[in-house]
Structures are given as C-alpha cells and as structure tokens.
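Now for the letters of each chain:
2 protein chains.
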Amino acid sequence: MVLEDLYPSRTEATAQWIDRQDPVVYGKGNTNVLTQEQIENYKRDGFLIIKSVFSQEEIDLYNTEFERLSSDPILSSKEEFIKEPNSRVVRSLFAAHQFSDVYKALTDDERIRAKVEYLLDDETYVHQARINAKPGFNGKEFYWHSDFETWHVEDGMPNMRAISCLITMNENKSYNGSLMLMPGSHNKFVSCVGQTPDDHYKESLRKQEYGVPDQESLTKFYEENGIVVAECPPGSVILFDCNTMHGSNGNITPLARRNIFFVFNAVTNKLVDPFGGTKPRPDFIAHR
Amino acid sequence: MVLEDLYPSRTEATAQWIDRQDPVVYGKGNTNVLTQEQIENYKRDGFLIIKSVFSQEEIDLYNTEFERLSSDPILSSKEEFIKEPNSRVVRSLFAAHQFSDVYKALTDDERIRAKVEYLLDDETYVHQARINAKPGFNGKEFYWHSDFETWHVEDGMPNMRAISCLITMNENKSYNGSLMLMPGSHNKFVSCVGQTPDDHYKESLRKQEYGVPDQESLTKFYEENGIVVAECPPGSVILFDCNTMHGSNGNITPLARRNIFFVFNAVTNKLVDPFGGTKPRPDFIAHR
Chain A
1 MVLEDLYPSR TEATAQWIDR QDPVVYGKGN TNVLTQEQIE NYKRDGFLII KSVFSQEEID
61 LYNTEFERLS SDPILSSKEE FIKEPNSRVV RSLFAAHQFS DVYKALTDDE RIRAKVEYLL
121 DDETYVHQAR INAKPGFNGK EFYWHSDFET WHVEDGMPNM RAISCLITMN ENKSYNGSLM
181 LMPGSHNKFV SCVGQTPDDH YKESLRKQEY GVPDQESLTK FYEENGIVVA ECPPGSVILF
241 DCNTMHGSNG NITPLARRNI FFVFNAVTNK LVDPFGGTKP RPDFIAHR
Chain B
1 MVLEDLYPSR TEATAQWIDR QDPVVYGKGN TNVLTQEQIE NYKRDGFLII KSVFSQEEID
61 LYNTEFERLS SDPILSSKEE FIKEPNSRVV RSLFAAHQFS DVYKALTDDE RIRAKVEYLL
121 DDETYVHQAR INAKPGFNGK EFYWHSDFET WHVEDGMPNM RAISCLITMN ENKSYNGSLM
181 LMPGSHNKFV SCVGQTPDDH YKESLRKQEY GVPDQESLTK FYEENGIVVA ECPPGSVILF
241 DCNTMHGSNG NITPLARRNI FFVFNAVTNK LVDPFGGTKP RPDFIAHR
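Just so you know, the protein sequences line up as chains A and B, in that order. Take the working numbering: the last position of the first sequence gets the number 288, and nothing is skipped along the way. Take the working numbering: the last position of the second sequence gets the number 288, and nothing is skipped along the way.
Watch out, some of these pointers could steer you wrong.
[As the list claims (entries may be wrong)] Straight-line distance between alpha carbons at most 30 Å, and here's what the computed DSSO-like set of lysine-lysine pairs gives:
{"hint": "1", "chain 1": "B", "residue 1": "K83", "chain 2": "B", "residue 2": "K173"}
{"hint": "2", "chain 1": "A", "residue 1": "K83", "chain 2": "B", "residue 2": "K140"}
{"hint": "3", "chain 1": "B", "residue 1": "K173", "chain 2": "A", "residue 2": "K188"}
{"hint": "4", "chain 1": "B", "residue 1": "K83", "chain 2": "A", "residue 2": "K140"}
{"hint": "5", "chain 1": "B", "residue 1": "K270", "chain 2": "B", "residue 2": "K28"}
{"hint": "6", "chain 1": "A", "residue 1": "K173", "chain 2": "B", "residue 2": "K270"}
{"hint": "7", "chain 1": "A", "residue 1": "K83", "chain 2": "A", "residue 2": "K43"}
{"hint": "8", "chain 1": "B", "residue 1": "K270", "chain 2": "A", "residue 2": "K140"}
{"hint": "9", "chain 1": "B", "residue 1": "K279", "chain 2": "A", "residue 2": "K220"}
{"hint": "10", "chain 1": "B", "residue 1": "K220", "chain 2": "A", "residue 2": "K220"}
{"hint": "11", "chain 1": "A", "residue 1": "K140", "chain 2": "B", "residue 2": "K140"}
{"hint": "12", "chain 1": "B", "residue 1": "K220", "chain 2": "B", "residue 2": "K78"}
{"hint": "13", "chain 1": "B", "residue 1": "K173", "chain 2": "A", "residue 2": "K173"}
{"hint": "14", "chain 1": "A", "residue 1": "K173", "chain 2": "B", "residue 2": "K220"}
{"hint": "15", "chain 1": "A", "residue 1": "K188", "chain 2": "B", "residue 2": "K270"}
[To be verified] Computed, partial: chain A to chain B, Cβ under 8 Å:
{"hint": "16", "residue": "P73"}
{"hint": "17", "residue": "I74"}
{"hint": "18", "residue": "S77"}
{"hint": "19", "residue": "F137"}
{"hint": "20", "residue": "E141"}
{"hint": "21", "residue": "Y143"}
{"hint": "22", "residue": "Y175"}
{"hint": "23", "residue": "Q215"}
{"hint": "24", "residue": "Y222"}
{"hint": "25", "residue": "V229"}
{"hint": "26", "residue": "I252"}
{"hint": "27", "residue": "T253"}
Derived by calculation from the structure, the hints in this document are not laboratory data. All C-beta atoms in this analysis are idealised placements derived from N, C-alpha and C, irrespective of residue type, glycine included.
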C-alpha cells in the first residue's frame, strides 16, 4: 500500500505553504498529567516549556553518564558520536539509550512519557534520541528547520504525530545557544526547495544543506508571532511538536550548553518508505 | 621620546594578567550629564546602558543614510566598506562621518559627547567610527576582545583613556547578536599570545586571528561576574571602557542587527608608534 504524501517537499523550485492536515493535540478529555492551560498553550504555540522537572541530582547523573560515554575511546569512535567540524569534541551523541541503562530509563520516565502520550493519544516509541552538546567559545549555530520536514522526506514519517522532548542538562541562557522556537509555525508546513542525495545525512549532521526553509517563510513566521528563546534552568523539559520551526544561535560564551533530546512517535504513525525517494537513513538516526 | 609600554601583549607564549594602570572615571566633582548612580555603575562594570536616548525619527534618519551610502556603487567600493565573507552585504562601514554630514553631526551630539568628556575629563576626538550591520539569517559572531589591546598594540594608543559609544539603530534582542559584555573585565589587561604580521587588519576585519584572549581568562571573568546581554530598543546608547571584554554571537534570526559605533579618545592620549612594532593601520581605522 502506498500512502498519500500529505506534505510534499523538495520537489518544487519555490517554497509552498501547506496547511497542517493533522491535529496538534490528539488527547481528549481530562488528564492529570498536564493542566488545561498547558494543553492550550501547547496547542496554540506548538511547544510547552516546563521548568525544573528533574532534580539537580538526576541531571548530575545524566551529565556524568554523557562524559563517561564520550571519553570511552572505543565507544566514541562509533558513528553515533558526531564531532564538531575540525575537532574531536562530541557535538551530538545519538541513540545513547541503546547502550546506556541510565538513558534507557529516562526514555521511560513517566514525567515525560505520560505527557507525550496524552498529547498524541497513543502509545509511543523512541524515533530518535540524541544528546546535543554545544561547546563554549566556538559552538556552532543550528539553522531553522522543521524536524518533521526531514523525518517525512528522509525517514518516511507519514503524519504530524510525533513530539520532541528536550531536557536541559545545564543552564540554557539566552547567550549560550538556547533553543529558539517560532510560536504558531507548527500549523503550516513549509516545503523546502531542492532534491536530496543519498547518504547526505553524514554531512548534514555537521552542517545543514537540505531541508532548509526559505527566508521569506521564516520572516513571515517571525512577523506573526516573534521568537521565543527557551531560557531554562537545568532539569527543565521543553515539549515541541514535530513541525514547530526551531533553531539555535552559535555560542562564543564560556558556558557550554548541553541538552538531551528524545523524539516520541505514535505507534500508529510508524515509518514507511521515505517520501523523498531516497534510501532510509540508518537506524541510529531513525529507529524503525 | 619613547613611551613606556604599560600593557605589553603578543610577546609571551602564555597570557598575562596585568592590573589596570589607569583610572576608569577621570571626571571629578558634580556633573549634570550623568547621575551619580550612572557614574558608579560605569566605574564598577566598565560600561553603562542608557535606553532610548535618540528618537525614532533620528534613528530612521541614520538608517536611511546608511542605506544610501551602502547602495552607492562608487562609494561602497571604497575600503571603508567591509563586506560579509563570500557576500556583497556590508558588514561594517568605517569612518562614515568623513563623507556623511548626518554622521558627522552625530559625532558632535552633546547627548553623547558631554558624557564621554566628563568620564575622560578631557577633550576628545574620534579615534574610530564604524557602523556594524549584522545581517539576519547568517550574521557572523564577533569573538571576545578588548578593543584597547588592539588599539595599543596595532595603533599605539598609550593609555586606557578612551570610550566606545554604541548607538542601537534597531531592536537589539538577546537572539539577534546583541553586544555582550563582561562586567569588571576592564580592571585587568589580558595580554594575548602571538605576534602580529603587517597588514593583517584586512583579514581581521572579516575574521579575527590576532589579539584573541585565552579561554582561561574569559572563563575567569565569566565566573566572577557573568555576562550582560545589552538588549535595547532603537536609539539607545551603550558607553563602554576601551578595555571592557565584549563580543557578540551570530544571528540566524530574520531580524538584522545594526549599530553605530564611535570611539572617543582623549586628546592627551593621542596615538604614538604601535607598541607591537608593526606599521600603523590606515587612517580610516585609527585616525591620527
């Protein structure tokens, strides 16, 4: 069975705006895992910031575990460990829950999972897991993007029924490359220009070239609802819809910025063949 | 007469911390151009942020003038117009007051000049003038530096008796590459490692390589007093001491960031031969 492509991208010479075809909040009725206000904010903005969900002791544990994994010479030579350009510093670590009990337990933590499964009204599985460590002094920017655009085109995710969960592992300040989000952007799908070659993910994890939204669309989102800089203390949780436009500036400050990032996908939204026609990306980037 | 080099830099293999040998506030007694609190803050932090000094009408005039100058094909081919790497977009415009009556008048505006001359307790002249336009979407970072380090080594400025004045030409938000300052850093001179070749300024205006402070010193300043992000509405004025450590992150947002930047040097602090032994930089970068 071939699924209809509700959100075609990288097929036209100019960007197209497509109305969202899917709900934002799938959950119905009362819940004790989120307040009504939190649900409304998530629906309106496409994201929700919940400060100080995890204790400092828990965050210390996650940091220690990251350092243990990154400093293991055999482990850190695996392709799951993405280094900064021209450096041995780990910028991203993928799928750590597959080789760390500490991170495995965190993916099942009800403080996250129950909220996500209410919003998606489904059981979920981990579509992608990564730890994003933006070093101090020369941390690189991450340009604006909708994750869904990539997951749809390159991984074959059919619908907008996935939620990203970011857990802050240290102070996320306005000046050290915090996550930036464009409120309301989740309601429009912005198709990107250009074709995607096979295996481009190896480069794109270091520097993006495909799936880049056009400047006109970004300006329109910005003029409508501005930008929210997600400043948070350690242990905070940011839930955001798979189609919310987000990015982060570089970081020249001495304060590195480190976050855990889990993507939960609804089991009824499981991956099919990539809509962009390329071969599927490896399992550590998109679990099947 | 050869002046003693009070602040040697780029001569040692490791960074040295040298106590400031000069006053921060030279002015004595009462004044009606700054409040006592403003003077105390400036002395303690090494900078002072004064919001909304100029009206929107005035700021509109300065923006229109910048666009007129930048779009003039003959003018903009002059070496005073510094372009973004790999682009024709003007990143910095030097010495605009030498060919624009609008900017000339602004350098003499008493709302700035009287404050600066009180703090320096001397007549002043414009040591350097530039307009810094950090474009949206791909504005580049400007790494931490003390201006005085460069002006001393490369231009022969003997003492710390100069003040930078930044005038915001649009919204400076935390997310679009606002000026960042390290409070208290003006009280220590951090010498930089390495020698300076002749004529390196042509490259350094695009990307810095010399006069770069070490990470350990920056971390120490940060741990002592943190970082202030100078978020300001248009028409605000930031006065900062020539030795205050400052920089700015890149800018991926749609909102370009544009500032006017004048440096006023005390006439008794006029330039001598560069302390680094190189030939003097051109007049449009350091007026003599």
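Please check whether A:I252 passes as an interface residue: C-beta within 8 Å of a C-beta belonging to chain B.
This interface hint holds because 5 Å falls under the 8 Å limit.
Quick check on A:F137 please, does its C-beta sit within 8 Å of some C-beta on chain B?
Holds. Min distance 6 Å.
With a cut-off of 8 Å, does the beta carbon of A:P73 approach a beta carbon of chain B closely enough for the hint to hold?
24 Å, violated
Given the hinted pair B:K173 and A:K188, is their alpha-carbon gap at most 30 Å?
Answer holds: B:K173 to A:K188 is near 26 Å, not above 30 Å.
Between the alpha carbons of A:K173 and B:K220, is the straight-line distance 30 Å or under?
Holds, at roughly 18 Å.
Measuring from the C-beta of A:S77 to each C-beta in chain B, is the shortest one below 8 Å?
It is violated, given that the least Cβ distance between A:S77 and chain B is near 26 Å, above 8 Å.
Could you grab the alpha-carbon distance between B:K173 and A:K173 and see if it respects the 30 Å cut-off?
13 Å, holds
Does the structure keep A:K188 and B:K270 at a Cα separation of 30 Å or less?
Violated, at about 59 Å.
Against chain B, is A:V229 within 8 Å by beta-carbon distance?
5 Å, holds
Satisfaction of hint between B:K28 and B:K270, Cα-Cα up to 30 Å
22 Å, holds
Under the criterion of a CB-CB separation shorter than 8 Å, is A:I74 in contact with chain B as hinted?
Constraint on A:I74 not satisfied, violated at 29 Å.
Does the alpha-carbon distance linking B:K279 and A:K220 stay inside the 30 Å limit?
With a Cα-Cα distance of about 49 Å, the restraint between B:K279 and A:K220 is violated, given a limit of 30 Å.
Hints 6, 7, 8, 9, 10, 12, 15, 16, 17, 18, counting from the list given before, are not met by this structure.
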